[in-house]
Structures are given as structure tokens and as C-alpha cells.
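Protein chains: 4
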Amino acid sequence: MKIGIVGTGNVGSTAAYSLVLQGIGSELVLVDHFPALAEAHVMDILHATPFSYPVNVHGGTFADLAGCALVIVAAGVNQQPGETRLALLQRNAEIFAGIIPPIVRAAQDAIILIATNPLDIMTQIATKLAVREGMPASRVLGTGTMLDTGRFRTLLGQRYDVAPSSVHAYVLGEHGDSEVLNWSGASVAGVPLEQFALASGQPLSAEIMQQVDQDVRRAAYKIIAGKGSTYYGIGAAIAALSRCILFDERSVFTVSSVMAEVEGVTDVALSLPHIIGRKGIEMTIFPTLSVEEHAALSQSATVIKTHLQSIQY
Amino acid sequence: MKIGIVGTGNVGSTAAYSLVLQGIGSELVLVDHFPALAEAHVMDILHATPFSYPVNVHGGTFADLAGCALVIVAAGVNQQPGETRLALLQRNAEIFAGIIPPIVRAAQDAIILIATNPLDIMTQIATKLAVREGMPASRVLGTGTMLDTGRFRTLLGQRYDVAPSSVHAYVLGEHGDSEVLNWSGASVAGVPLEQFALASGQPLSAEIMQQVDQDVRRAAYKIIAGKGSTYYGIGAAIAALSRCILFDERSVFTVSSVMAEVEGVTDVALSLPHIIGRKGIEMTIFPTLSVEEHAALSQSATVIKTHLQSIQY
Amino acid sequence: MKIGIVGTGNVGSTAAYSLVLQGIGSELVLVDHFPALAEAHVMDILHATPFSYPVNVHGGTFADLAGCALVIVAAGVNQQPGETRLALLQRNAEIFAGIIPPIVRAAQDAIILIATNPLDIMTQIATKLAVREGMPASRVLGTGTMLDTGRFRTLLGQRYDVAPSSVHAYVLGEHGDSEVLNWSGASVAGVPLEQFALASGQPLSAEIMQQVDQDVRRAAYKIIAGKGSTYYGIGAAIAALSRCILFDERSVFTVSSVMAEVEGVTDVALSLPHIIGRKGIEMTIFPTLSVEEHAALSQSATVIKTHLQSIQY
Amino acid sequence: MKIGIVGTGNVGSTAAYSLVLQGIGSELVLVDHFPALAEAHVMDILHATPFSYPVNVHGGTFADLAGCALVIVAAGVNQQPGETRLALLQRNAEIFAGIIPPIVRAAQDAIILIATNPLDIMTQIATKLAVREGMPASRVLGTGTMLDTGRFRTLLGQRYDVAPSSVHAYVLGEHGDSEVLNWSGASVAGVPLEQFALASGQPLSAEIMQQVDQDVRRAAYKIIAGKGSTYYGIGAAIAALSRCILFDERSVFTVSSVMAEVEGVTDVALSLPHIIGRKGIEMTIFPTLSVEEHAALSQSATVIKTHLQSIQY
Ligand SMILES: NC(=O)c1ccc[n+]([C@@H]2O[C@H](COP(=O)([O-])OP(=O)(O)OC[C@H]3O[C@@H](n4cnc5c(N)ncnc54)[C@H](O)[C@@H]3O)[C@@H](O)[C@H]2O)c1
Ligand SMILES: NC(=O)c1ccc[n+]([C@@H]2O[C@H](COP(=O)([O-])OP(=O)(O)OC[C@H]3O[C@@H](n4cnc5c(N)ncnc54)[C@H](O)[C@@H]3O)[C@@H](O)[C@H]2O)c1
Ligand SMILES: NC(=O)c1ccc[n+]([C@@H]2O[C@H](COP(=O)([O-])OP(=O)(O)OC[C@H]3O[C@@H](n4cnc5c(N)ncnc54)[C@H](O)[C@@H]3O)[C@@H](O)[C@H]2O)c1
Ligand SMILES: NC(=O)c1ccc[n+]([C@@H]2O[C@H](COP(=O)([O-])OP(=O)(O)OC[C@H]3O[C@@H](n4cnc5c(N)ncnc54)[C@H](O)[C@@H]3O)[C@@H](O)[C@H]2O)c1
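Residue numbers (the UniProt record's numbering), protein chains in the order written: chain P, 1 to 313; chain H, 1 to 313; chain Y, 1 to 313; chain Z, 1 to 313.
Next up, chain P with everything else stripped away, as it sits in the complex:
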């Protein structure tokens, strides 16, 4: 169970650390444009192994990804305070043109997991590049709205004093400003959220919904304002997804993948609930949406598609 990480900034290195702390994988290869940075992370993470699991962590080049069951891609430029995710696009597209082909050539049987923003566009670019090298599209996926979904569940959990794992609610569409909170499908313990909220003495007012919506949608911006970038949430999300893939767990995550058609928009990568396993995307689950959510998802798909077209993808 060899895992590669390409791009070892805050996100890539935190993902590596999370994998080691939880003992997922037996070998980790860290690859970065600046090998000295990757090596510094390797050393720091290795010092965590006596206190966790003896994972074999080392630096390397693309060739060292041979035999990886999974390659995590977090190379790119980080979102600056105030910058929109889409503004990063052009630079990152060029980076991907340089790294995806050698990754696929070195690790032909791997799943490719994209974390770089703008997430959906980078996932679509990675998929195109990977397919061109002969890899099936179902083996490329992006972390998508996994983190936003996690935020949504955590915020509802805090407000209603229940564990996030007992709250079921998804964020769909773009990992970005146009994302769609699937309120109509939210539930706690099988009970529609609205009904649960009522029973718990704190009815789901428009005010609460707007507050939560803003807190989910603006979370990354807030964290970036406070500490420069986000990495803990996404690191844990990547580790959970890695375990799901490597151990073929078939859990449902709202990851991003290229869909033939969503809400009338064709050939577009965005997040929907998918069953994930050893082969990547195993099945897509189309959630039940309210009229407004359908419209919002259509809008979100269009936003992504427009950006893709603006760079000829």
C-alpha cells in the first residue's frame, strides 16, 4: 500500500501527517517542485513515526511513484486572502499539464486524487490528461465538497448538540462560491432536519439557515483570513478518503468527478455523493433536490462549465 503525494505545501504535508498518525498505508512518497521542502517534511513526519506507525516515508521524483495505489495531488498555488478560487486557474492548469502525465505513466494502476483549487476545474483537467494517457476516467476524483459537507455537518451538530456523524447533510456542486447546501435532504437520525430542529426546541428559522449557509460557504475565507490557509480539515478528509479507497470501503463521499451530464450541463466535473472504493468512483447517487436546489445546482454546473470553456477545456 504505497501512496504518493505530489505537492507538499501545507495541504500535501498535512495529508501525509494524517496518514501516518492513523497508520494508513505502508509507504509514502513525497514529491514537490522544491525537493528540499519535501525532504524537510519527510524528516519532520518521520519523527512522528515512533509515536504512531512505522510508515516508510521518503522523498522522490515522479519515477518513484511506481507501484502507488493512490496518488494525492496538492500541487499548486494557494488561495490568497480575498482571492477567489477561480482566479488561481490559469497557473494551476499549466502545473497540471506538467505533472499529471508523468504521474499516470509512473503509477498506471493508481487512483488519482486531486486537492488543488479551483477543485472541480483541476479535477476535470486532470481527468482529461489522465484519460489521454489511457487511464479510465473513474479513477480520477477530486476532494470536491467533502470538506464543505463536513463543515455543514459540524455546524449543524454544534447548533443542535449532536455528533456530526449523526447529522446527514450534503454540499453539492462546485467546491466554491456557487456550491449548493442540500437542506431539503438534511436529516438527523433519519428524521428530516426541520422536524428534528422543531423537536429540539430550536426551529430551523430562515435566520439559522442563512447563518449556517454563510458559515459553510465562507469558512475557508475566514480561516485563510485568520491563519493564511486551510489544511487540517482537508488533511483529515484526504486521509479518510485514502483509507476508503485503499481498503475498498465503499463509503459515500461528496467528491468531484467528471459527469456526462448534470442539470443539462454536459461533461462537467462537480460534486455529488459517490460510492468510493478500490476502483475509484463506483457509483453516483443523485440526491433528491428541491426546486431551488435544482436551480442552484444547474447554476453551479454552469459556473464551472463557463470557466472550463474560458480556458478551452
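Some clues are possibly wrong.
It does not matter which identical chain is used: a pair holds within one copy or between any two.
Computed cross-link-like contacts, DSBU-like style, restricted to lysine-lysine with a CA-CA straight-line distance of at most 30 Å [said to hold, decoys possible]:
1. K2 - K279
2. K2 - K222
3. K279 - K128
Everything labelled a hint here was simulated from the structure, so no lab data went into it.
Position chains H, Y and Z with the ligands relative to chain P; hints supplied.
Same frame as chain P, but now just chains H, Y and Z with the ligands:
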């Protein structure tokens, strides 16, 4: 974080083992009518500590439960092949009259978790006895249909090739023959099970439902026929619930507790989804039921109540 | 990461349960002479998956072991109260003649891990049978004195109030009556045990040593007297060893393997510290022994060899 | 099990993240001079809870530390590239005068764990300040050479292809340039390292020793040169130590604490192996040293003492 286990047959000892393997709790006290049996389990479980967590496991008497945050009760007589759970009632009621008062007196701040069958009746008896000693009723709960719920989710997961953790479905009412599978509230990834089943190419036929129903309802009988008794599933369930209580996780579990009224039946212990935390039962969630499920739950409550009345509780 | 378990009595099923609780492996195949027993364990263990990891547990035949990275063998007859481990020999040798060849044929790249008693003899028999099928001897090992070593460390830890993981002490030779406690090499935190004991105010008297020696040597007998057989300690040991093998952790364990020569005795399986990894036995570490320990190890090797010869192996 | 973290820069926040990923503790309070920074970390770490454990993480002031069983202190100024650890001293001493008293007053029953550099001096300062508030000295400790010990074991493990957990070797004295690698006590599987190295075909040459010595001693400098500061290793070390304290595990760690006398130097904080438990330092283990190591430890103690005296402590 001291945990007591009273009754160290297969269920109690497997629970202890599960707690040690997962590093839940720092001290475990095993109490049994046959101290030599408890001591043999203590030795065997201690031999697992070099390979897991250095939990302080030892045998003891009721007095040694002082300071426990949680006391698990699995004392009783095990279900014999073919025997109904209710047939065990009388003997176990007597055992509880002898053990619950000294447990509560020794461990006044503990949560009391009942695993002994017939589960709901034993939970109600334990609650009565504990309340008599001055403990709030919300601090006594039974494992209830936690295991049945787990079975339900596992079977649906197997059939539809998705992780049980991504399947949401509850079993309610009696932990026994009259239990109610809440099909109408079952979902995968927020999508009603029926719709998910259709999308996955294997529609939810009456035949599949009946098969699953039988497999859930008859699981314990089948396992008992094959190996004498059941203990692995319940051991893991007890460990998960213990962690939830000790770490105040506030997850939702279908445990049994005494309800003021359910479907018109008053003062009866049965399983519904509850939020569980450091104080025991924190909130009850009344699920949405179909007409048939309402009737079945009413029937289940009546079955339990009748048995309770037959022994003047 | 597929793991097979052949022989699903108490030891095999507890090992399976331990693997699931700790999320080691993604697929578990249980094989037993009585398929109904294996199936009952499969059901019971599956009911633990919603509370731990979604491991794919199922029953099967030898053919279903194809693709296993590890096959654990716990088939055999259990030690009865009072019975010596060697008395079980003849029956178990026959069982192995029937199961090892089909295991090796089905799972050619697996490591074979033996738990059946008398452990060293069964390991040697298994090695011979496996080598005959073309498997390298280094891929067959027995749990050996892993458990005895764990007992030794636990008992010293309890006596001196320190975690067993901080006590270093090995039991060598036969997993049985002639085993050798390597007192001369025992240490706590790098300090010889004798010196540590002195500093802790409880010098290492002959009395203490004899007590610990008896407690280690007689532990299995005591547990068997109290509850019929031992399985928790060995289950956790097997799980730890499985993780070490599957994740190529290269930890040191006192497992049993066929040695070319030990203390003048040739071609004999017994326990010494070995570095264990993905290829099985990676390196043997010959410990420093006192004169008495050399003699005792020689004696232990002779005991095993004599038994082997008595059955023409 | 409430844990406080004061100082939420890279080290404090990584420690918090590690605790959440491993489910250690049920409540985490983050306190920083810049509350907005602590809040940004709280948000980011909370987003990891749906993928790990539902720990209650929140920001706060000193008053919010009430009820903590453990308070981790990582407030201070980080080591700059090229800067010696001792150069940071004066600024950090002032910070501690401002934070230790309110911590002790709010969390009277807590263990205080110091991570701030220069580690030993800060531990001694913290101890003085805590004792002045009525706390026993044994309840204040510093991470000391825990990390250096981990590095030493990891490097030896890599070189000899064995898990770090099977290598036993300590770094003693100052967490800094004068630290002492206890080569004479190093062992693998109970066998002296020198002998093991010989057997493994790679004898322990002066060259290898010097290389390892430099790699241990210069590790922090190298990592700081590559990525600005170190935090993964120390984060995992803090988490392991936290678990040991909260669960009263009584493991041995080379943490720093004020010793009445070491090698003739009185009243000085430095690292030696200690048994750690719920009450903090439970016992000190004086390792066996070579003549050179005695001299080096004496020298190391003198270095620390001199610095302490230079600031009148
Ligand atoms: N998916 C999410 O939910 C999520 C969350 C947080 C961050 N992100 C995104 O993750 C990405 C990484 O974030 P970060 O904070 O780690 O940024 P960072 O700037 O710290 O790290 C990016 C790393 O990529 C490396 N890199 C650049 N070009 C490369 C190339 N051609 N080959 C190899 N490595 C190369 C850089 O050297 C740098 O180390 C960003 O795009 C960020 O927006 C995504
Ligand atoms: N809740 C569930 O989902 C579930 C699942 C499996 C089993 N169970 C029930 O759990 C109970 C235990 O099952 P088991 O298989 O461990 O049975 P068991 O017979 O192996 O163990 C019961 C133990 O209780 C002890 N005991 C009896 N009276 C006692 C007393 N007065 N004080 C202390 N100890 C006493 C016995 O000595 C025995 O060791 C049974 O009632 C069984 O039906 C419940
Ligand atoms: N290594 C150790 O430290 C250690 C510790 C405890 C027990 N043991 C040994 O482990 C073995 C198993 O112990 P147990 O308590 O599980 O015994 P058990 O009797 O409960 O189980 C043995 C199982 O092997 C099965 N079996 C027998 N022949 C078979 C065949 N040909 N093919 C497949 N399965 C077959 C039986 O049906 C039975 O289910 C015993 O030899 C015991 O002495 C070793
Ligand atoms: N013990 C070890 O092995 C080890 C390893 C790495 C780092 N460190 C040390 O840990 C310390 C922290 O390192 P870092 O990288 O996190 O530094 P950092 O600069 O990122 O964080 C220090 C934090 O302390 C806060 N702080 C300062 N004064 C405070 C006050 N009065 N009250 C509350 N918070 C205050 C700052 O606001 C800042 O957030 C440094 O001293 C560093 O040298 C020790």
C-alpha cells in the same frame, strides 16, 4: 475513566476485550458471580495489552466499582438454542434485584448500561431499582436494538455494495421478536432506500424486504444455532457506546430506555433513537413512521408491557 | 489486503474479530472444517463492522484463499485442562497434512502464520509441507512465544508499576513447558531489570523471579482451568503480527521459525527474536544469554527435536 | 477529559490536530495571545472531526482552562533559521511569567506540559512559577528530548531496517546542542546495538555514529532551514504523552523535569527517562552511562544551569 463490567460471560468479557483493543478507558474492573471466571478473563485480556493499550484490568467485587464512570451489566443466563428471550425473564429479574442496588451504591455517578436479555424488561427493572437508590432514570440504558440496527445496516450494505456506515436505517421497539424495521425511514446518502435501490439496478422488492427482515430478526437465533451464543457484534456495540458516553460524543444510537409513553403504552422501556452523552440519555428522537410501522411499534410496546405486568413491574 | 483464517474456533474467530476492530485488512475469509461454525462467526463479526471498520468478512473454502497476503492457521484441537501441549501432536499433524498443501496452492504469495499447538512442531510441519509446495521457508512462521513474551512483560510491568511497552524481556525456545525466560537480557528503559528493580525499592529476589517464571509458564494452564481455553491474548498478538506483516513494519517479535541450528540442535523450529516484514522472517536476532539460559535453550531445542523425531519429521 | 493548549502557533495547533485525529480527550480549549489565530485553528480542526472523532474544540481565555486535566504550553517565539535555542530565552521567560500563574490558578489539578524552547529552561521557569502557586513540582514537565529520542530511534531504524519501536536508545540532558546520545545503552531487541549492527552486516563504525549523532543533533536546524519550523514530530510526541498522562499509562519517556541533582549540578531541569502517569512524573530512571556520557551529561547540565543563572532563576 474507570469502567466496571458485571457478568463476565461471553458478552461481558468480549466487551472488556473490545474496550482494551480500542484503548477506551484506563481501568477496567471485572465482577462475576464466579470470581475465578472473571480472573481467568482478566489474565487473558491482560495478555492482549502489550499488543494494544496498557489498560489496568483487574477483578473485583461490587465495592471495587467505586469511581466508575460507566458500569456495563451483562450478568444473566444466556439464551439457549430455540429459547425465546422472554423465557429468561424470571431468573434474570432475581439476579438484577441482587446486583443493581450494590452497583448503584458503589458507583453513584456512573451510567448503567444493560446488555442482559430480555433486554427491555431488564432495562426497565434496572431503572426501577436504580431510581429507588436515588439515581436519575436517564442514567440507565440498555443496548436495545443497537445490534439489530447494525445488522439491518450491514445487510443492506452487503446487498447494495455500500459501506454500512453510509446506510441509515433503524430497528425500533423491542430487542426481540416484535422489533420493528423502520423501512420507511431508511436511506443511503440522504436518498430514500427505495429510490437508491432502483438507481442501483436492484429494486427493493417485497421479497428482498422479507429476506432482510428475516435475516435481521432471526440473526441471533442463527448465530446461536451455529456457535452457541452471540458476543462479537454486541461487544463492539458496547465498546462504541462506552466511548460515546465517556467522551460525551452525543451520537445517535437506538438504545433502550424507559419512556413515559410510546404509541399509547405508558411507562415502558424500548428502543428509539437517542442522543447519548456523558449524562446518559440526552434526547429522544421520535422517528417518522408509516402507518404499518406505527401499528407494529404499538404492538411491540404492548408485548413488553404485558411481560412487565406479568412479573408485577 | 486479503487475509485468510483456517480454523475458526475460539482462537481463529478472536483473531478475525481483533483484525476487524482494528481495521487491519480489507477482506477476511474464514474457513473451517465445519462451515456452519465459520458462517456463524462471520455473521457475528459482521455485526461488529458498523461499530468499527467495514471489512468484507465471509466464509469460504481453500479455493477462496486465492489472493490472500496472509493466511492464519488456527485449526486443530484445543488444549484440554491438564493436557500438555505435546499430547495434541499426532491429531494435529494429520490435520496439517490435509490443510497446508491446499492453502499454499491457493495462496502462493501469502505468509503462513501458525497458531496451532504444539506450536513449534506444527510450525515445523507446516514449513516442511509448504516448502514441498515450493514456498520459501521464511514465509512460514508460528506465533511462538509472542504471547509468553507479552505475559512476561505484563507481569513485570504490573509488579513494577510501569507500562508493559516500556519493559523489554523475551521468552525464547519452545512455546511450552521448556520455554526460557531471558532474565539476563531484561530491561526497563534501557536499564537492566535488576538495577531498575533495586532503584524502584523492590529488588529482584529469587522469590519474585520464581513467581514471575511460574506465572508466565503456567498462565495458559491457569486460564484454561478458569475458562476452558485462551484466546484474547493470542487474538491480539495475531492481529499485531498481521499488521506488521501486511504493512511491512519490520518490528521484532519472538515468533517461531525453523532454524538451521540452535545451541547445537539442527533443523528445529523454536522462538527467537526476529524482524518481521512483508516477506515473513526478515532477520533473526540471537540474544545474549547467561550460561544457564544457554543450557535451558539447548534443552528446549532438544525437547522439540525429540518430539519431532518421534513423529518422523 | 478536558485539555488546554496555550500558544496555538504551529506546534500548539499541530498538537491539537493530533489529539483530535487520535481521539484523545473529549474537549480541547485553544488559547492564544491572538484569539483570532486560535479561532481560525479551531475552525480548521473542527472540520477534521467528521473524519475522525467528535471532540469538542473551542477557543477561550485562561479562565476557560478550568477543569482541564492537562494544559499544554507552546506559547513563545519560534526558533529562527540559524538561531540557537538559548537565544530565545529572555522573551519567553517574560511570556511565562504572564501565563503560568493564570494557568495554574484556573486548572489547579492539571498536569502542565511545556513545549516552548529553550525547553529545559522554560520547564524550570514554569515549575518555579507553578510551585509558587501551590502546585507540586512533579506535575510540571517539558517534552524534553522526547523528540530527539524519537529521531535517534528512527535514524537507527532506517539504517538497520528495523521498526523504530524495536530500537531502544535515549537522548538525555538538554533539548539542545549539548544533548547526550546514550549510545552505550542502545539496543535492538535486547541485544546491544553494537552487537546487532555487527550481526546485520553493517558494523557500528565511528563514521556511522558521527553521522547519526549529527543527524539527531542537527535535525531541527535542517527542518527549520527547509520549511521554517518543526511541528509534526513534536505534535505526535505531545499527543502520545497526553494519552499516557490522561490514561495513566505509566510509559517511559525522556521528558524534562527539575532534578534535585544530576552529575553534581543541583536544581536543574533536563531530560532523563521518567515513568509518566496521571500524576505527572511518577519515577525517574537513571540510565547506565559510559565515562564519556557521564561527562557529557555533566556538561549538558552545566550549560543549562549557567543559562538559568544568567537570568537569575
Ligand atoms: N480541496 C480543498 O478542499 C482544499 C482545501 C485547502 C487547500 N486546497 C488547495 O490545495 C492546494 C495546495 O494548498 P497549500 O496550502 O498546500 O499550498 P502551498 O502553496 O503550501 O503548496 C503547494 C505546493 O505545490 C508545489 N508545487 C507547485 N508546482 C509544482 C509542480 N509542478 N510539481 C510539484 N509540486 C509543485 C509547491 O512547491 C508547493 O509546495 C491549493 O490549490 C489550495 O487552494 C484545497
Ligand atoms: N443486548 C444484546 O444485544 C445481547 C446480545 C448477546 C447476548 N445478550 C445477553 O447478554 C447476557 C449475557 O450473555 P453471555 O453470553 O455472556 O452469557 P454467559 O452465561 O456466558 O454469562 C453470564 C455471566 O453472568 C454471570 N452472573 C450470573 N449471575 C450473576 C450475579 N448475580 N452477579 C454477577 N455475575 C453473575 C455468570 O456467572 C456468567 O459468567 C445474556 O442475558 C444474553 O442473552 C444480549
Ligand atoms: N499459539 C498460542 O499461543 C496459542 C494460544 C491459544 C491457543 N492455541 C492453539 O490454537 C489452536 C486452536 O485453539 P482454539 O481454542 O481455537 O480451538 P478450537 O477447538 O476452538 O478450534 C479449532 C478449530 O479448528 C477446526 N478444524 C479442525 N480441523 C480442521 C480442518 N482440517 N480444517 C479446517 N478447520 C479445522 C475445528 O473445526 C475448530 O473450529 C489450538 O491448537 C490451541 O492449542 C495457541
Ligand atoms: N519541544 C520541542 O521539541 C519543540 C519542537 C518544535 C518547536 N518547539 C518550540 O515550541 C514553541 C512554539 O513553536 P511554534 O512553531 O508553534 O511557534 P509559533 O510562533 O508558530 O507559535 C507561538 C504562539 O505562541 C503565541 N503566544 C505568544 N505569547 C503568548 C502569550 N503570552 N499567551 C498566549 N499565546 C502566546 C503566539 O501568538 C503564537 O501563536 C517555540 O518555542 C518552539 O521553539 C519545541
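Hint-by-hint comparison with the structure:
Taking the closest pair of Cα atoms, K2 and K279 come within 30 Å of each other both inside a single copy (15 Å) and across two copies (16 Å). Taking the closest pair of Cα atoms, K2 and K222 come within 30 Å of each other only across two copies (26 Å); inside a single copy the shortest separation is 35 Å, beyond that limit. In the homo-oligomer, the alpha carbons of K279 and K128 lie at most 30 Å apart inside one protomer (18 Å), although the nearest pairing across protomers, at 38 Å, exceeds that limit.
Of the hints listed earlier, there is not a single one the structure fails to meet.
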